[in-house]
Structure formats: structure tokens, C-alpha cells
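Chemist: The primary structure of each chain is shown beneath.
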Amino acid sequence: MSRPEDTLPPDLHYNDTEARKYTTSSRIQTIQASMTHRALELLDISSPSMILDIGCGSGLSGEILSSIDPADGGPHIWVGMDISASMLDIALQRDVEGDLMLADIGQGLPFRAGTFDAAISISAIQWLCNAESSEVSSTGRLTRFFNGLYASLKRGGRAVCQFYPKNEQQRTMISGAAIKAGFGAGILEDDPGTKNAKLYLVLTVGGSAEEGAGEDITGVVKNLDGVDVLDARRKHKEKGRKDFKKGSKAWILSKKEQMERKGKVVKHSSKYTGRKRNIAF
Amino acid sequence: MKVLTLNFLTCAVKACKTTSASFPLVPKECELVSDTIAPNPTLLTNLLPRVDWPALGSIAVALGFPSLSPLPPTPADLENDTKMMADLHTLLLETQISEGSLVCANCGHEYKVKEGIANFLLPNHLV
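For the record, the sequence lines run as chains A and B. Under the UniProt record's numbering, think of the first position of the first sequence as 1, with each following residue one higher. Under the UniProt record's numbering, think of the first position of the second sequence as 1, with each following residue one higher.
There's no promise every hint is true.
[Unchecked claim] Straight-line distance between alpha carbons at most 30 Å, and here's what the computed BS3-like set of lysine-lysine pairs gives:
{"#": "1", "chain 1": "A", "residue 1": "154", "chain 2": "B", "residue 2": "14"}
{"#": "2", "chain 1": "A", "residue 1": "276", "chain 2": "A", "residue 2": "246"}
{"#": "3", "chain 1": "B", "residue 1": "112", "chain 2": "A", "residue 2": "154"}
{"#": "4", "chain 1": "B", "residue 1": "14", "chain 2": "A", "residue 2": "180"}
Hints in this document: simulated from the structure, not taken from any laboratory. Because the structure is a prediction, the values reported are computed rather than measured.
Let the sequences and hints guide you as you build the complete structure.
Modeler: Shown next, in the form of C-alpha cells:
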């Protein structure tokens with residue numbers, strides 16, 4: 001399937017017809033709604049808050065934010081940013097409750113530090129990986145976005161960004177940029193390996209006095225069912241902790257391998273490697 | 001755009017990020033509309049510590065509201081004084097800027113507001 005990201009920049013792709021199609025399609029509406037609910041579950045907000053909707057489009061997810069029951073900690077107020085004027089026009093026609101802004105998230109976020117309790121973004125940040133002109137670079141856009149987002153969230157705040165990376169490289173590029181900005185970052189993958197796989201980048205800011213808040217993603221998903229945690233950091237640590245008894249055969253083999261990697265000339269290994277010599281007389 | 005949101009917005013120009021003069025953006029020739037929103041006291045008490053009170057005062061005066069008290073109300077004040085709560089709710093959430101522009105006090109960049117949507121798109125050389 002073709003990716004809209006590869007054809008046109010977002011402000012041109014979502015013209016009046018595309019924006020209308022996107023908003024009226026019941027299939028897209030259900031997918032968006034389910035992703036928004038999933039993101040809210042990950043954000044785990046218990047009181048009415050101020051939320052930033054990044055790439056709000058026609059306000060499909062914002063509508064859900066402002067319609068949350070008081071019993072579940074809502075309704076929230078939200079500020080939506082989008083680069084497509086046509087999408088915002090449809091949001092106006094739908095009379096959404098949040099505040100809308102026409103802005104490019106790749107240019108940074110124009111908010112004071114610590115403005116928002118949380119941020120949510122549905123199918124938007126993969127657009128940052130495309131640079132439309134030679135004056136801007138995708139890494140620069142990602143850096144500005146994540147730096148701005150980090151500053152505008154309050155301490156202990158969280159951001160959940162659902163995104164569709166084109167390939168593994170874009171996925172690492174986005175999560176790497178988030179980590180560089182200072183976030184505790186992790187990726188939650190729903191329905192991995194299927195056509196409906198959904199990636200959620202879960203970002204946390206700093207630590208806070210409250211228990212459980214401000215942890216990284218492993219803390220965020222602790223209470224969710226059916227989540228397998230694959231922690232690449234732990235694996236890395238275990239790999240480094242490979243210590244053999246000095247002088248043993250395994251130790252000698254690992255040293256020889258190490259020297260070989262450095263490009264030194266190493267005698268080949270055999271079954272005699274590391275054996276004690278017989279006493280000569 | 002709500003007055004509350006205006007209280008959080010700064011200038012997006014890169015050169016203005018380092019100065020404090022880029023906040024608050026000054027409303028210029030603004031048309032206001034009033035929208036009815038259900039009052040939400042918990043939300044207000046949650047937001048109040050984050051609202052920049054001096055900036056809110058200057059914005060309120062610029063938009064033609066009566067001037068606010070010099071010190072922000074404490075959450076306890078707010079709970080006891082329903083009128084103050086209602087006033088704040090009207091100012092922060094129900095008053096909305098529909099047309100006009102927001103001006104940065106540092107660089108003088110004008111952000112146009114049309115139908116309640118502020119335009120924060122910048123040319124590449126200012127980013």
C-alpha cells in the first residue's frame with residue numbers, strides 16, 4: 001500500500017477532499033477512536049487536565065478527550081495543533097471544544113514550560129521524518145519537536161504518540177530523537193506481526209513525588225494485561241556481564257576472539273586449546 | 001482561542017526562545033466571542049498554579065475586562081468564593097478570541113487569529 005508520507009507534504013496532502021474523506025470514513029473513525037482510548041489508557045490521567053493533541057486534524061481524538069465522563073477523570077480541555085488548514089476547517093465545522101492552532105510541529109512548540117499535563121498524538125509524528133525542502137532536515141525537525149514537547153510537559157507528565165514508521169530505521173530515528181531530548185521512551189506494540197500492528201511511543205518526563213508517575217514505559221504498562229516486556233537495556237547489560245574464570249578454556253577462547261576482532265594474528269583453536277601440557281619428565 | 005491558552009502561548013521564533021519578553025503575546029484588535037462551557041471546579045484548581053497571574057492580569061486589561069487582584073487566589077479562596085470561581089471560569093474558559101492578532105513584545109511578529117484558529121506557521125529562516 002502506498003504511504004501518503006511519500007507523495008506529498010502533510011499540508012498539501014490533506015486538502016479539502018482528503019480531509020473530508022478522512023473525517024467521514026467510518027473505518028478511520030473507529031480506528032482513531034480505538035487508538036485514542038488505548039493512548040488514554042496509557043496516559044492514565046485521573047483528574048481533569050490540560051492535554052496537547054499533536055496533529056489533531058479534524059478533532060476526532062479531541063472529541064473523545066472532551067467527552068470523558070467525570071467519573072473517569074474527565075472532561076479534559078485540549079489544545080490541538082495541525083499543519084493542514086483543510087483539516088482544521090473541518091474541525092471548525094464539527095464544532096469541537098478544544099482550541100485549534102495552525103502550526104508545524106517540526107518548527108517546535110510555542111508553549112511555556114510545564115504547560116500540559118499530558119500529550120497525545122495519533123498517526124502524526126511519522127510525517128516529521130520527511131523534509132520537504134533542502135533548508136530543513138528530518139533530524140532537525142524531530143529534535144525541535146521533541147525538545148519543544150519535553151519543555152511544554154509538566155514534570156511527571158506523559159506523552160503517548162501512535163505512529164506508523166515506514167521501516168525499522170524510521171522507528172529508531174524517532175525513538176532515538178525522543179531519548180536525546182531527555183524523555184524516558186519506550187515503544188508499545190499492539191497486535192505485533194499482523195497487518196493491524198499499532199506502535200505507541202510512550203514518553204515520560206522526569207520523576208515526581210507521586211508513586212508510579214514519571215517512570216519509564218515498563219512502569220506505565222505494569223498494570224496492563226497481556227503485555228510482554230522486551231527490555232533491550234537489560235539484554236545489553238547481561239551480554240556485557242559475560243565473565244569467565246581467568247585461565248579457563250572459555251576465557252582463552254573469548255580472548256582469542258577479541259584479538260581476532262581487533263585484526264591481530266591469532267592461532268587457530270582446536271581441541272588442545274587451553275589444555276595443560278604434560279609434565280615433560 | 002481561549003484566554004487560558006493565550007496564557008500559555010509564547011513566540012515561536014527561535015531568537016525569542018531565550019528572552020522573557022516573548023511572553024505573553026499581546027492581543028491586538030481582537031474580536032471576542034463568549035461560549036458556554038460547563039463549569040469544572042476541579043479543572044480550574046488544577047490549572048490555577050500553572051496560570052501566570054501577572055500575564056493574565058495584563059491580558060484581561062488589554063481585552064477590556066476589569067483588572068484582577070494583584071495576587072492569585074489560593075485554592076481555599078476559590079472554593080469558598082463561588083463568584084470568584086465563576087468570574088475566573090468566564091475569563092479563562094468561556095471568553096474566546098475569534099479574530100485579530102497576537103503580537104510578540106520582543107520581535108514584533110504578528111500571529112493572525114482567524115475564526116478562533118491562531119496561525120503559528122513560520123517561514124524557515126525564523127525557525
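Chemist: It remains to establish, for every hint, whether it holds in the given structure.
Modeler: Verification of the hints:
With a CA separation close to 22 Å, the supplied pair residue 154 of chain A and residue 14 of chain B stays within the 30 Å bound. For a cut-off of 30 Å, the pair hint linking residue 276 of chain A to residue 246 of chain A stands: about 14 Å separates their Cα positions. Pair hint residue 112 of chain B plus residue 154 of chain A holds up; C-alpha atoms about 28 Å apart against a cutoff of 30 Å. Straight-line distance between C-alpha atoms of residue 14 of chain B and residue 180 of chain A comes to about 20 Å, which keeps the hinted pair within the 30 Å bound.
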